[in-house]
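Asker: Whenever a hint applies, use it, and build me the whole structure from the sequences.
Number of protein chains: 4
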Amino acid sequence: MNQNIDSLPSADVADYGYSSEKEAYLRRLKRIEGQVRGIARMVGEDAYCIDILTQVAAVNKALHAVSLGLLEEHIGHCVVNAVAASDEAGEAKVKEATDAIGRLLR
Amino acid sequence: MNQNIDSLPSADVADYGYSSEKEAYLRRLKRIEGQVRGIARMVGEDAYCIDILTQVAAVNKALHAVSLGLLEEHIGHCVVNAVAASDEAGEAKVKEATDAIGRLLR
Amino acid sequence: MNQNIDSLPSADVADYGYSSEKEAYLRRLKRIEGQVRGIARMVGEDAYCIDILTQVAAVNKALHAVSLGLLEEHIGHCVVNAVAASDEAGEAKVKEATDAIGRLLR
Amino acid sequence: MNQNIDSLPSADVADYGYSSEKEAYLRRLKRIEGQVRGIARMVGEDAYCIDILTQVAAVNKALHAVSLGLLEEHIGHCVVNAVAASDEAGEAKVKEATDAIGRLLR
Chain A
1 MNQNIDSLPS ADVADYGYSS EKEAYLRRLK RIEGQVRGIA RMVGEDAYCI DILTQVAAVN
61 KALHAVSLGL LEEHIGHCVV NAVAASDEAG EAKVKEATDA IGRLLR
Chain B
107 MNQNIDSLPS ADVADYGYSS EKEAYLRRLK RIEGQVRGIA RMVGEDAYCI DILTQVAAVN
167 KALHAVSLGL LEEHIGHCVV NAVAASDEAG EAKVKEATDA IGRLLR
Chain C
213 MNQNIDSLPS ADVADYGYSS EKEAYLRRLK RIEGQVRGIA RMVGEDAYCI DILTQVAAVN
273 KALHAVSLGL LEEHIGHCVV NAVAASDEAG EAKVKEATDA IGRLLR
Chain D
319 MNQNIDSLPS ADVADYGYSS EKEAYLRRLK RIEGQVRGIA RMVGEDAYCI DILTQVAAVN
379 KALHAVSLGL LEEHIGHCVV NAVAASDEAG EAKVKEATDA IGRLLR
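Protein chains in written order, with our numbering: chain A, 1 to 106; chain B, 107 to 212; chain C, 213 to 318; chain D, 319 to 424.
Calculated from the structure, these hints are not laboratory results. Some hints could be false.
Claimed, not checked - DEER-style ranges, computed between Cβ atoms:
hint	chain 1	residue 1	chain 2	residue 2	range
1	B	Y154	C	D263	27 to 33 angstroms
2	A	R31	C	Q267	30 to 36 angstroms
3	A	T54	C	E233	37 to 43 angstroms
4	B	A130	D	A403	53 to 59 angstroms
Glycine included, C-beta positions come from ideal geometry on N, C-alpha and C.
Answerer: Here is the structure:
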């Protein structure tokens, strides 16, 4: 599956910023996926609620870290490039990024 | 300390409260696991950052819903049973639940 | 103003749990009010955005601490008393508390 | 380090972005200050915990809105200006903004 993805045309993709660290993100998301599976296993084994909630909090934290990494690269690349292109494009990208942050805050 | 509390009359796991809805939780966690895998796929395919962040926000929200469900059942069962057993046990369980909520708020 | 409040009939108020620590809560909220006023002052003096955001994060954190304190006492008193009164009352209070936690998580 | 960044051409505070809407921010913060005072009044009058928590959640939400407004203007002005000045300054500002977002997420 990964192979299919890696062979996709992605010539101009570097603009997205996170591309350079793609492997690192994929590893982190793999780990988060495993954590979620671990939570399901705990539920299946009737683990103690509080222990499950502790794991949920850990997944939240790991997802926050991923979000912040993506945001940092997004602002430093997409947003900055859009601003360089035109005021209008820049303003739209800044608004879009702030809306995304707002969804994460909720 | 946990052991004292856990050794209170609670012969079967049904006390944990969420057991009755175990299947529903497992389905929800399965879906969340799929969402996380979907995010990894997006990263692998160089999807647009903001679209990835939107998916991360959706996973956060789904995890919050799971947490609240677990908390509701935990408070209504474990905490309430502990309070019925003794003031001390009750106080410890209330503190433990509040600490768990604190970790979710962060 | 405080005097008016203190002279209100509050015979049965101890049930709310937080009453015993009312003075401590009032002090903490006074401090938070001062922090918010400080943020307004920073805006008025054109302080650096990031410094303002750091202060906003500090207020969020202080409010979280207040919320958790109130929740702990609420669960340990109101919820527990309601459960003791009747299953129905208990269930309603547990649901109400979980809904309140959900609003804090958002 | 901050000083290097701050000493970039930024003669007047208008660069901070939020200045143009200063009055609006001051009004919003005044309202939030009043909300916090209202919460203290509720505690003083032994209001019901859940009602107090609802007000705390409202203050959190109002502070989030202020944060997002400040962030939007900060990214659109300070960060973008820093990026235009130099790669180094830009990178530092993007990192600084992301760290601030991280503090808000917590």
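Asker: Are the hints correct? Go through all of them and say.
Answerer: Hints, verified against the model:
At roughly 32 angstroms, the beta-carbon separation of B:Y154 and C:D263 lies within the given 27 to 33 angstroms, and the hint holds. Distance hint check: the CB atoms of A:R31 and C:Q267 are about 34 angstroms apart, consistent with the given range 30 to 36 angstroms. For the pair A:T54 and C:E233, the beta carbons lie near 27 angstroms from each other, so the given range of 37 to 43 angstroms is not met. Separation of B:A130 from D:A403 is about 54 angstroms and conforms to the stated range, judged on CB atoms against 53 to 59 angstroms.
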